[in-house]
Every structure is written in C-alpha cells, then in structure tokens.
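Chemist: What follows is the residue order along each chain.
There are 2 protein chains.
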Amino acid sequence: MKTSSGRAKGRPPRLSKEDIVAAARDIIADEGAEQLTMRRLAREIGCTAMALYHHFQSKDDLLLHVLEDVAARLPHPVLPADPRERLVLVCGLMRQAFVENPWVVPLVARGEMVAPSAVWMTEEIIAALVGCGLSVEQAFDVNQTIWYYTAGQVAAAVRQAGEAGQKPAGPHYLETIVAEQGEQRSAETMPYLSRLAGVWRDLEAGYSYQRGLHHILDGALDPDSHPAR
Amino acid sequence: MKTSSGRAKGRPPRLSKEDIVAAARDIIADEGAEQLTMRRLAREIGCTAMALYHHFQSKDDLLLHVLEDVAARLPHPVLPADPRERLVLVCGLMRQAFVENPWVVPLVARGEMVAPSAVWMTEEIIAALVGCGLSVEQAFDVNQTIWYYTAGQVAAAVRQAGEAGQKPAGPHYLETIVAEQGEQRSAETMPYLSRLAGVWRDLEAGYSYQRGLHHILDGALDPDSHPAR
DNA sequence: ACCTGAACACCGTTCAAGT
DNA sequence: ACCTGAACACCGTTCAAGT
Numbered sequence: 001m002k003t004s005s006g007r008a009k010g011r012p013p014r015l016s017k018e019d020i021v022a023a024a025r026d027i028i029a030d031e032g033a034e035q036l037t038m039r040r041l042a043r044e045i046g047c048t049a050m051a052l053y054h055h056f057q058s059k060d061d062l063l064l065h066v067l068e069d070v071a072a073r074l075p076h077p078v079l080p081a082d083p084r085e086r087l088v089l090v091c092g093l094m095r096q097a098f099v100e101n102p103w104v105v106p107l108v109a110r111g112e113m114v115a116p117s118a119v120w121m122t123e124e125i126i127a128a129l130v131g132c133g134l135s136v137e138q139a140f141d142v143n144q145t146i147w148y149y150t151a152g153q154v155a156a157a158v159r160q161a162g163e164a165g166q167k168p169a170g171p172h173y174l175e176t177i178v179a180e181q182g183e184q185r186s187a188e189t190m191p192y193l194s195r196l197a198g199v200w201r202d203l204e205a206g207y208s209y210q211r212g213l214h215h216i217l218d219g220a221l222d223p224d225s226h227p228a229r
Numbered sequence: 001m002k003t004s005s006g007r008a009k010g011r012p013p014r015l016s017k018e019d020i021v022a023a024a025r026d027i028i029a030d031e032g033a034e035q036l037t038m039r040r041l042a043r044e045i046g047c048t049a050m051a052l053y054h055h056f057q058s059k060d061d062l063l064l065h066v067l068e069d070v071a072a073r074l075p076h077p078v079l080p081a082d083p084r085e086r087l088v089l090v091c092g093l094m095r096q097a098f099v100e101n102p103w104v105v106p107l108v109a110r111g112e113m114v115a116p117s118a119v120w121m122t123e124e125i126i127a128a129l130v131g132c133g134l135s136v137e138q139a140f141d142v143n144q145t146i147w148y149y150t151a152g153q154v155a156a157a158v159r160q161a162g163e164a165g166q167k168p169a170g171p172h173y174l175e176t177i178v179a180e181q182g183e184q185r186s187a188e189t190m191p192y193l194s195r196l197a198g199v200w201r202d203l204e205a206g207y208s209y210q211r212g213l214h215h216i217l218d219g220a221l222d223p224d225s226h227p228a229r
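Residue numbers (this note's numbering), protein chains in the order written: chain Y, 1 to 229; chain B, 1 to 229.
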C-alpha cells in the first residue's frame with residue numbers, strides 16, 4: 001500500500017529501482033565489477049546513463065543497493081548448537097560469500113558500505129564468542145581479529161583466482177628476486193625465502209582458512225590471554 | 001660504471017627515473033595516491049604526460065618503482081634475540097610501514113606489487129617462527145595468517161584515519177540500522193549488536209593490533225595445533 | 001634517444017531542456 | 001515526475017612527428 005496520497009502524478013516510470021539493481025548485479029556477475037559503468041548499465045537497460053541518476057544519487061549509491069540485494073540472497077542455514085562449531089561455520093559462510101562476490105571485498109574492507117541483510121553474521125559471531133566464555137568486550141575484540149583475518153585472506157584468494165584465469169602463472173616474485181641477485185647471495189641474505197621461493201605457490205594453494213581460524217580461536221579463547229581491561 | 005660502450009648517443013635526457021619517482025613520492029605523500037595522475041606528475045616536473053612513458057612502461061610500472069623507493073627507506077633496526085619478541089617487533093614495523101604509506105595496502109594485498117627491499121621482513125618472520133619451534137612449512141602457514149590479519153587490520157585503521165580527517169564522524173552504520181528498524185525489534189533480532197552499536201566506535205578505537213597478534217601466536221605456536229600434514 | 005601535440009577511448013556527473 | 005542531449009572535467013595510453 002505504498003500509493004501514498006491520491007493518484008500518481010506526472011509521467012509513469014519506465015525504469016524501476018529493482019530492475020536497475022538486477023541489471024547491475026548481472027553485469028557484475030557476468031563480466032566483473034570493473035565492467036559496470038553507468039553508460040554500460042544504461043545500454044543494457046535501454047536508457048541513457050543520465051536516467052539512472054533519477055533513481056540513484058550516485059554510482060556509489062547504486063552499488064550500495066546492489067550490495068544489499070546480494071546480501072539478502074545469502075544462505076542463512078540452521079546453525080549447530082555448540083558455540084565453537086557455530087563460529088567456524090558462520091565464518092566459513094562469510095568467507096564464502098566474499099569469495100563468490102569478490103567486488104564487495106574492497107568496499108566492505110574499507111568500511112564504506114555495509115548491507116543490513118548481512119549483519120546477522122556479526123551478531124552470530126559475537127554471540128558465539130560470548131557462548132565460548134568471553135565477555136562482550138572481549139567478544140568484540142576477537143570478532144575484529146577474525147574479521148581482519150578473513151578480509152585479508154579473501155583478498156589474497158580472490159587475487160589468486162583472478163591470476164589463474166588469465167596467465168599460465170609465471171614465476172613468483174620471490175623466484176624473480178632470487179634469480180636477479182643470484183642463488184648464492186640469496187641463500188645468505190634470506191635463507192628461508194630462497195628455499196621457499198620455488199614452492200611458494202604450492203604452499204599458498206595448500207593454505208587453509210579454517211586452520212588459521214582455529215589458531216586464532218585457540219589463542220583468543222584461552223582464558224589466560226585476556227587480562228583485565 | 002654503467003656507461004656501456006662508447007659515448008652516449010642521441011639527445012641527453014632532461015628527466016631521470018629518480019627525479020620522476022621522487023616527484024611521484026612527494027605528490028602521494030602530500031596529497032594522497034588518488035591525486036597522482038600522469039598529467040599531474042608531468043605538470044609538477046615540467047614536461048608533458050607522454051614524456052613519462054619514455055621512462056616507464058605504464059603508470060603501474062611507475063608505482064612499482066615508487067613502492068621500491070619507499071621500501072628502501074624503511075627502518076631496519078637491530079632485533080631482539082628472543083624469537084617471539086622479534087616476531088612482534090617485525091610485525092609492528094611492517095604494520096607501521098603500511099599505516100604510514102596507506103596507498104600501498106591495496107596494491108600489496110592484491111599481490112600485484114612487491115618491493116624487493118622489504119622482503120627481509122618476511123624472512124625475519126619465518127625465521128623467528130622456526131625459532132619458536134615450528135617447521136618451515138608450519139612457519140609459512142603462520143606467516144600467511146599473520147599477513148592476512150595485518151593487511152586487514154591496516155585497511156581498517158587507514159579507513160578510520162581517513163574518516164577522522166573530514167567528517168565529524170556521523171553515526172555508525174549499526175546505529176543507523178538500529179534506528180531504522182526500531183530499538184525494540186533490534187534488541188530481539190540482534191541483542192548484542194544493538195547493545196554495542198552506540199559504543200562501537202570507542203571499542204574500535206581501543207582495538208590493539210598487538211593483542212590480536214599475540215592471540216594468533218598463542219594459538220599457532222601451541223604444539224598441539226599443528227597436526228601432521 | 002628523447003620529447004611534444006593531437007587524438008582515442010573512456011570515466012562520473014551537472015545542467016538545461018523536453019514530454 | 002521522468003527522461004534526453006550536450007557538455008564538463010577528467011582519466012591512461014597510442015601514435016606520428018619533431019629535434
């Protein structure tokens with residue numbers, strides 16, 4: 001019942017916010033966020049770029065709506081009772097959501113944009129941390145730590161996935177550095193890195209987000225690790 | 001003795017790579033990385049934008065040289081003998097370097113650019129982790145975890161610092177959400193976040209990178225946390 | 001070899017005008 | 001109220017030409 005007062009005035013809209021958001025979402029999904037420009041979006045919809053500004057204040061405003069649209073479609077499964085299991089599962093869902101929507105990572109990491117439909121994850125994480133025996137303040141702290149870790153890990157994972165798409169994965173920069181300054185000298189100045197250079201990519205591929213998360217939880221849930229503040 | 005063979009041919013260069021890099025570094029330091037454009041840089045130096053392309057393949061190539069220049073100027077103090085103390089100190093230096101040069105965060109986090117002059121930090125971290133009793137493979141893993149955490153934390157810290165500069169720090173988005181859907185309903189659907197919304201910024205300001213790092217180390221250096229792989 | 005001038009193919013956004 | 005057309009103020013980069 002949104003027809004506020006009397007009948008609608010003026011020209012009836014040909015474009016709806018929902019349609020524009022949906023079209024933007026499709027372009028990002030199909031061709032990546034870099035391909036989403038106001039002109040490109042307008043071409044897809046069949047209007048001029050300027051018509052979009054009648055529905056959204058700016059491109060950022062539009063992106064905020066796309067973000068909320070994506071967040072509203074995220075899975076919200078039933079969670080296990082054990083708080084630590086809940087924690088690992090929700091963090092995994094959060095990470096998965098970012099991996100599948102890599103364009104939101106820089107926006108959300110910079111803290112400029114947030115989707116109301118996704119805050120339940122943070123609520124669950126803090127609640128589960130409290131369930132593990134932390135105070136609310138401690139839970140806030142650990143939630144931050146987890147978030148920073150997750151954001152950084154996803155950024156790196158997205159990068160690797162992007163690289164895998166195009167090039168035949170040339171030599172890692174560490175190999176280049178070792179090659180440039182010579183193996184002899186490299187082994188002296190950076191013994192570990194010169195050994196690891198060749199297998200760096202393999203080790204990277206074997207990295208487990210969940211294992212790292214468990215390390216953080218092991219350290220953060222230890223009662224001794226939280227002095228009175 | 002780089003004058004390879006015979007005397008120099010052609011027109012003597014008016015611009016040097018070093019001068020261009022220095023000018024670019026100054027612009028970024030004074031006005032931020034967003035202000036560095038090829039045209040702006042050329043104006044500063046007193047040439048056309050196109051002249052720059054005779055010294056660098058692209059803007060990215062130029063940025064790579066600026067990055068290396070910055071990395072080469074980072075402090076490299078004597079480190080304590082105790083491996084855990086070394087770890088915390090080197091990570092602090094790394095974080096500090098990023099906080100003081102926020103423009104490198106997205107570049108390095110995406111893994112596209114790396115400065116040879118800064119790899120000693122990674123070498124020290126891995127060596128210290130081995131000194132704490134880990135295998136090289138385990139040390140690699142934990143180094144990744146630390147790196148992800150650091151990258152994410154710095155990105156957030158830089159954001160906050162940027163916000164503090166301009167606006168009088170409007171309400172946090174959590175407060176906005178709570179206000180929009182009502183305190184009553186918010187307290188039901190997200191009890192912890194509705195309680196934390198008002199003090200979120202204060203808690204954020206009280207977050208300690210070092211404390212989070214210690215949590216990670218506590219968990220990761222525990223012998224039980226590394227099953228055979 | 002080193003640098004210039006003009007141009008290409010883009011951006012997000014403003015603003016006056018049309019229906 | 002809704003949309004168009006032209007324009008503004010930018011980008012990074014290419015390419016032929018000058019010295």
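Just so you know, these hints were derived from the structure itself, not from any lab.
Predicted model, so just to flag it, every value in this text is computed and none were measured.
Check each hint, because a few of them may be wrong.
For identical chains, the list gives no copy identity; a pair is met inside one copy or between any two copies.
In silico SDA-like pairs for lysine to any residue, Cα to Cα no more than 25 Å straight-line [to be verified]: (1) Lys59 <-> Leu107; (2) Lys59 <-> Ala81; (3) Lys59 <-> Asp69; (4) Lys59 <-> His172; (5) Lys59 <-> Asp224; (6) Lys17 <-> Trp103.
Chemist: Against each hint, give a clear statement of whether it holds in the structure.
Modeler: So, going through the hints one by one against the coordinates:
Taking the shortest Cα distances, Lys59 and Leu107 sit within 25 Å of each other both inside one copy (13 Å) and across copies (23 Å). For a Cα distance limit of 25 Å, the shortest separation of Lys59 from Ala81 qualifies neither inside one copy, at 41 Å, nor across copies, at 52 Å. Within a single copy, Lys59 and Asp69 get their C-alpha atoms as close as 15 Å, which meets the 25 Å cut-off; across copies the closest is 35 Å, which misses it. Within a single copy, Lys59 and His172 get their C-alpha atoms only as close as 36 Å, which misses the 25 Å cut-off; across copies the closest is 22 Å, which meets it.
In this homomeric assembly, Lys59 and Asp224 never come within 25 Å of each other (Cα to Cα): the closest approach is 48 Å inside a single copy and 50 Å across copies. Proximity of Lys17 to Trp103 under the C-alpha cut-off of 25 Å is restricted to the intra-copy arrangement: shortest distance 21 Å within a copy versus 34 Å between copies.
Hint violations for this structure: numbers 2 and 5, all remaining hints satisfied.
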